[in-house]
Amino acid sequence: DAKTTQPPSMDCAEGRAANLPCNHSTISGNEYVYWYRQIHSQGPQYIIHGLKNNETNEMASLIITEDRKSSTLILPHATLRDTAVYYCIVYSGNTGKLIFGQGTTLQVKP
Amino acid sequence: EPEVTQTPSHQVTQMGQEVILRCVPISNHLYFYWYRQILGQKVEFLVSFYNNEISEKSEIFDDQFSVERPDGSNFTLKIRSTKLEDSAMYFCASSEDPPPGPQYFGPGTRLLVL
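These protein sequences, in sequence, are chains A and B.
For the first sequence, the working numbering assigns the number 1 to the initial residue and increments by one for each residue that follows.
For the second sequence, the working numbering assigns the number 111 to the initial residue and increments by one for each residue that follows.
Since the hints were derived computationally from the structure, they do not count as laboratory data.
This one's a predicted model, so the numbers in the text were calculated from it and none came from an experiment.
Do not rely on the hints blindly, as some may be mistaken.
[Stated by the list, open to error] Okay, derived cross-link-like pairs now, BS3-like style, lysine-lysine, Cα gap no bigger than 25 Å in a straight line: (1) A/LYS52 - A/LYS69; (2) A/LYS69 - B/LYS152; (3) A/LYS3 - A/LYS69; (4) A/LYS3 - A/LYS52; (5) B/LYS193 - B/LYS152; (6) B/LYS152 - B/LYS188; (7) B/LYS152 - B/LYS167; (8) A/LYS3 - B/LYS152; (9) B/LYS167 - A/LYS3.
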């Protein structure tokens, strides 16, 4: 089963930053934190991943706490097209299996 | 930007029939995966494939399922005798790097078994 805990839903105003939290208190040292999103029934879309350090790419920023027990995905300027289910996944090199939980449904509102 | 493609986008079949779902992974990727998502449920891992053999499979991936890379570009999932409960979205994914490298997903094939 998924080793992460996410709120089931969140709202965000268009143009504002969306901050999506994730708890992964049992994460192991070799496990990465990955974020994907799924818009409607489309294929999951890779967003970002990290091990220890904070990461940023053109889509989002990932902030991982020092103890690695939690993280936050930040969409800096949410648009209506960012409305989706966001999945936080811990993923190790021991297996190629991504384990998806229920995720957080982010609703971006005008 | 390179993408994973899947065909067909929709497939309707009769129970007991064989179906083949096709995927074209991103061209320089070497690691391939199939997942499925039953309507309203979680995305579930089925199988991973590397170097022309299965690396890992889930309990769902029983003898009715098989995967193949018939040529240098396609990756297929075959269901030999479909059941009603096989109705789902099937997603192919590929990765350039071994786990835990990022997996990139295709748009999916919606399979409906009647």
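Check whether the Cα positions of B/LYS152 and B/LYS188 lie no farther apart than 25 Å. It holds: about 21 Å lies between the C-alpha atoms, which stays within 25 Å.
Taking only the CA atoms, is the gap from A/LYS3 to A/LYS52 under or equal to 25 Å? holds, 17 Å
Decide if the proposed pair is consistent with the structure: B/LYS152 and B/LYS167, CA atoms, cutoff 25 Å inclusive. Roughly 17 Å between the alpha carbons, so the hint for B/LYS152 and B/LYS167 holds.
For the pair supplied as a hint, B/LYS167 and A/LYS3, is the alpha-carbon distance within the 25 Å limit? Holds, because 19 Å separates the two Cα atoms, which is no more than 25 Å.
Between A/LYS69 and B/LYS152, is the straight-line Cα distance small enough, at 25 Å or below? The hint holds at about 23 Å.
Between the alpha carbons of B/LYS193 and B/LYS152, is the straight-line distance 25 Å or under? Between B/LYS193 and B/LYS152 the Cα gap is close to 19 Å, so the pair holds against 25 Å.
What's the verdict on A/LYS52 and A/LYS69, does the C-alpha distance respect the 25 Å limit or exceed it? Answer holds: A/LYS52 to A/LYS69 is near 10 Å, not above 25 Å.
Under the criterion that the straight-line Cα-Cα distance not exceed 25 Å, is the pair A/LYS3, B/LYS152 satisfied? Since the Cα atoms of A/LYS3 and B/LYS152 sit roughly 14 Å apart, the hinted pair holds (cutoff 25 Å).
Need the status of pair A/LYS3, A/LYS69: alpha-carbon distance at most 25 Å? Given that 25 Å is the threshold and the Cα spacing comes to 11 Å, the pair holds.
Hint violations for this structure: none, all hints satisfied.
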